[in-house]
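Can you make the complete structure from the sequences, with help from the hints?
Quick note, the sequences are listed as chains A and B, same order. For the first sequence, the numbering used here begins at 1 and goes up steadily by one. For the second sequence, the numbering used here begins at 1001 and goes up steadily by one.
Honestly, I wouldn't trust all of these hints.
[Said to hold, decoys possible] Stretch by stretch, here's where chain A covers chain B in the computed footprint (C-beta under 8 Å, at least three residues): (1) 1051-1063; (2) 1140-1148.
[Stated by the list, open to error] Mimicking DMTMM-like on lysine to aspartate or glutamate, the simulated pairs with C-alpha atoms at most 20 Å apart in a straight line are: (3) B:1039 to A:63; (4) B:1002 to B:1036; (5) B:1002 to A:189; (6) A:26 to A:125; (7) B:1002 to A:492; (8) B:1039 to A:112; (9) B:1039 to A:189; (10) A:26 to A:492.
Keep in mind the hints are simulated off the structure, nothing from the lab. Ideal placement from N, C-alpha and C gives every residue a C-beta, glycine not left out.
What follows is the residue order along each chain.
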Amino acid sequence: MTQAVVREAGSGALGAAVPRREAPDKVTGRARYTGDVALPGLAYVAVVPAAIAHGRVTAVRPERALAHAGVLAVIHGGACPRLHQTSDADLAVFQSSSVTYLGQFVAAVVAESPQIAREAARMVEVDYAVAPHRVELDTAAADLHRSPDRGPHFPTDCSHGDVEAALSHAPVRVDATYTTPPYHHHALEPHGTVAYWQAGGLTVHETTQGPSGTRDILARLFGISPDRVRVIARHVGGGFGSKAAPKAQLALAAVAAQVAGRPVKTVLTREQLSVVAGYRTPTIQRVRLGAEADGRLSAVSHVAYEQTSMTSDHAEYAAAPTRTMYAAPHRETRHWRERLHVPSPTWMRAPGECPGMFALESAMDELAHACGIDPVELRLRNDTANDPHSGLPFSSRNLAACLRTGAERFGWAERESPPAQLAGGRGFVGMGVAASTIPQYRFPSRANAQVDGRGRVTVRIAAVDIGTGARTALAQIAADTLGVGLDLVAVEVGDSALPSASWAGRSSGTTSWGTAVVRACEALRAEMARRGGALPSGGLEAASDTLDELAAPRTHSQHAFGAQFAEVAVDTVTREVRVSRLLGVFAIGRVINPVTVRSQLIGGMTMGVSMALCEEGVLDPRYGHFHTRDLAAYRVATFADVPEVEACWVDEEDVDTSPMGAKGVGEIGIVGTAAAVANAVHHATGWRVRDLPINARHLVEAEAAAGREAAEGDRAAAGEPG
Amino acid sequence: MKPFAYERPSSVPEAVTLVAEEPGAVYVAGGTNLLDHLKLGIAAPRLLVDVTGLPLNAVEALPDGGIRIGANVRNADLAAHPEVRRRRPVVSQALLAGASPQLRNMATVAGNLVQRTRCPYFQNPATPCNKRQPGSGCAAAASRTEHRALMGASESCVAVHPSDLAVALCAVDAVVCVQGRFGPRRIPVTALHRLPGAHPERDTVLDHADLITGVELPPLPMATRSRYRKVGDRASFSFALVSVAVVVDLEGDAVRDTRIVFGGLATKPWRARRAEAVLRGGPVTADRFAAAALTELSDARTVEANAYKVPLARDTLVATLLDACGRA
Chain A
1 MTQAVVREAG
11 SGALGAAVPR
21 REAPDKVTGR
31 ARYTGDVALP
41 GLAYVAVVPA
51 AIAHGRVTAV
61 RPERALAHAG
71 VLAVIHGGAC
81 PRLHQTSDAD
91 LAVFQSSSVT
101 YLGQFVAAVV
111 AESPQIAREA
121 ARMVEVDYAV
131 APHRVELDTA
141 AADLHRSPDR
151 GPHFPTDCSH
161 GDVEAALSHA
171 PVRVDATYTT
181 PPYHHHALEP
191 HGTVAYWQAG
201 GLTVHETTQG
211 PSGTRDILAR
221 LFGISPDRVR
231 VIARHVGGGF
241 GSKAAPKAQL
251 ALAAVAAQVA
261 GRPVKTVLTR
271 EQLSVVAGYR
281 TPTIQRVRLG
291 AEADGRLSAV
301 SHVAYEQTSM
311 TSDHAEYAAA
321 PTRTMYAAPH
331 RETRHWRERL
341 HVPSPTWMRA
351 PGECPGMFAL
361 ESAMDELAHA
371 CGIDPVELRL
381 RNDTANDPHS
391 GLPFSSRNLA
401 ACLRTGAERF
411 GWAERESPPA
421 QLAGGRGFVG
431 MGVAASTIPQ
441 YRFPSRANAQ
451 VDGRGRVTVR
461 IAAVDIGTGA
471 RTALAQIAAD
481 TLGVGLDLVA
491 VEVGDSALPS
501 ASWAGRSSGT
511 TSWGTAVVRA
521 CEALRAEMAR
531 RGGALPSGGL
541 EAASDTLDEL
551 AAPRTHSQHA
561 FGAQFAEVAV
571 DTVTREVRVS
581 RLLGVFAIGR
591 VINPVTVRSQ
601 LIGGMTMGVS
611 MALCEEGVLD
621 PRYGHFHTRD
631 LAAYRVATFA
641 DVPEVEACWV
651 DEEDVDTSPM
661 GAKGVGEIGI
671 VGTAAAVANA
681 VHHATGWRVR
691 DLPINARHLV
701 EAEAAAGREA
711 AEGDRAAAGE
721 PG
Chain B
1001 MKPFAYERPS
1011 SVPEAVTLVA
1021 EEPGAVYVAG
1031 GTNLLDHLKL
1041 GIAAPRLLVD
1051 VTGLPLNAVE
1061 ALPDGGIRIG
1071 ANVRNADLAA
1081 HPEVRRRRPV
1091 VSQALLAGAS
1101 PQLRNMATVA
1111 GNLVQRTRCP
1121 YFQNPATPCN
1131 KRQPGSGCAA
1141 AASRTEHRAL
1151 MGASESCVAV
1161 HPSDLAVALC
1171 AVDAVVCVQG
1181 RFGPRRIPVT
1191 ALHRLPGAHP
1201 ERDTVLDHAD
1211 LITGVELPPL
1221 PMATRSRYRK
1231 VGDRASFSFA
1241 LVSVAVVVDL
1251 EGDAVRDTRI
1261 VFGGLATKPW
1271 RARRAEAVLR
1281 GGPVTADRFA
1291 AAALTELSDA
1301 RTVEANAYKV
1311 PLARDTLVAT
1321 LLDACGRA
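This is how it looks when you write it as structure tokens:
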């Protein structure tokens, strides 16, 4: 459903393909990130990580480190200021002797240089009382528990109809288990903080996806008023969810600045990020589908197993997207979770949808194969106008348009069966498709719009540009709402001293902040109109707060949708998979800036290729550490792994989701991509890889499984006992 | 990081003397491996002797078909050298299969040969590792990691040798030129790397002050028919899960002579002499090549996580040999 919208103002700025405003600063190195902040008297902090996965610190002996030239202080449980609030154990550094994961901060060194701090950190001696640990997710574990409900509209378990009966009567069934490994975000910029105290107030330069939220957390941590805390994030070098909730280095830096009585900087090492920065939980997912012979679903069951730490209540909810995707009369989605002695998992690009849609969309491909129906057609047959979960109509869906447009552009009709052979008979070329979805969230924000006596506009909001082009998009939204040229609009973001705003996460930044900017600019325009268009020499300003607007109950289900098409070449000798083409077609509402939106979409799809073929966090169960702690061992796709990636969108405006008619685009690119690649590999080879990544090991195993299934099929056909 | 002294000698004898006189000294060239070790706390030398100023930068194509390569030649330059590409394609291919363009621009020939394992336990100072800390134990042996040797391992060490270049050099009968305290020596590259045995801390037969000054590739006309094939977990910048270097001399439809070396499977570049013996004098057929591979791999000791490497190595060797024989 495409909605028509009447726009009153409009300057042509909305939808303009303009480059991001800070691009010249970034490519010339002028942009200053947190790690670049230099202050007089700056001291440096290095971390002493726990050497055990579970137990207690019984003694910290800092003497050798303290004797090292240039060391200012060693902070640990026996020598640390008490924090006001300790309910978030991951932030409450050194407030407890308890160790619940390997790498947890047990002490820190403040020194005159980062090199001295790091060397002295190795000299701090720590004694432990060791307790047994468990770090591996196990679907048979005795202490599995239901993940917590996330509010009344988001229960952890959902059930409708009689799934078991429907499955047992279904003429076609799929029952398969899929796994995804732990994933690390590894934004280019490592997490870091520069902190200093002045007159009882705290200022931090922070690698954050949300200055306002971080300010409030710091205020609670130290028991001071939020107006005495300032969080600055002028530029942030990527986040992907890892910089949404503050991490331990923030609390550590603030404490260290207190102890040292001078400004301090702490920047985590690449190795420490795999522990401190959060990660996506591994998942084990069982998907059962029941369908009529024509592919229409009668039953869908999706049960996900996930892990969290001893200190975090995080849950991924991998089965949640299945609630929205396809209509089936009988449905269930369930989430089980296990607490382990591991670092805390956190949000990562498309939490829930990213691993969950790998499982569901792989299972849909298996169903298409079992029914002998084209995978695009199967999805079209199971399309729905209403959200099966809420019963509400979708504000816009257009999944069918994405599938049809994509099939046309990709040349899906040329998908050969059997698949085309590679030159020299060394392998096969296959094509795969998968659908994608992301729920649309908006969070309350405030903004201020000011026009000076000469007509120059400044928009202020404590949003943050983590590399997405948010500054540029907000300027376009303001220019469009005010009906002024884009060059007249300045935007200030990245500072909690600006009007409070929500975070850059969950694909909600631009729609949340954009709504506040629209309302502030509308108010400013109304004020200008009231004055007959004449500007006083001192200018005018107006403010907005979207709290009330966003509290209204939803009348529609709001989601973005998309379809990814992948072509792969599989070398059946070396078991190497190369993605040769990748196309994504998305239903994302009105596109505010085609340059930055395309960048988000192809960035997400590239991350999806990386997930499909490369990325894999590996933990040693005996010690509890990740092996994969640097970018040589934790393999992110290289340029050579990434093909021509094309992203486009169908014509859509959705004013129910935001006044700009836009939807959030940060996450949808990654959703579905891994399934599209895995489905293409199956088309090419007949090997079904259900355990990511699709590497040589998993392909050899899938090949062996395919061989066993074929042999069983032959035996069954011959009437032999299995 | 611990403070260390830094010297930049201008002659080979001066470099050797500097290292010989300081037990805590190490040579450094491109630094692509050593600097990581300094940061990770795996190495803590008292003295770095930077050899990049030494006059060891030449590649000489000799009239007899041999090639003489200076120790400091950068991997990127050696890979691009026209005579290396023409006379020893396997060497150029192996270099280009390794690391990333940035690393190849820094890394040297000698540094590549003495790079250390990427065993995840060697890389992590918090875990026991006999190679890093003799006598501390081998955390990898009882682990589930797939990154462990199928061949050449001992009770003390299962670490896989990481080099691509060394695998190719073993296939072209390369000789390593070394300057030691008591003069120069020549070591066949197949004898450079040690099996770990009870002393995995010693990767090579080199003594403390020994400096690799160059590598000589003797005349080997059949090496124009050579191939390197590497299988990694991504298209670039990954270590070999399996790699093969092959050199083949054909006489009609038969294999007159061959060199076969495996990488990614063993504690050192694995010259597959038993596979070579199966092939010599035999026909150019996929079945024969597979039989040769399986003969060599018959002693492979696998765990669940790396059992896949046996069929992978077999198939990769067969395809690479067929390719080298022009039968692909």
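These are the hints, each one checked on the structure:
no. : hint             : result
1   : 1051-1063        : violated (count 0)
2   : 1140-1148        : holds (count 5)
3   : B:1039 to A:63   : violated, 23 Å
4   : B:1002 to B:1036 : holds, 13 Å
5   : B:1002 to A:189  : violated, 26 Å
6   : A:26 to A:125    : violated, 42 Å
7   : B:1002 to A:492  : violated, 44 Å
8   : B:1039 to A:112  : holds, 18 Å
9   : B:1039 to A:189  : holds, 19 Å
10  : A:26 to A:492    : holds, 17 Å
Of the numbered hints given earlier, the model fails hints 1, 3, 5, 6 and 7; all others are met.
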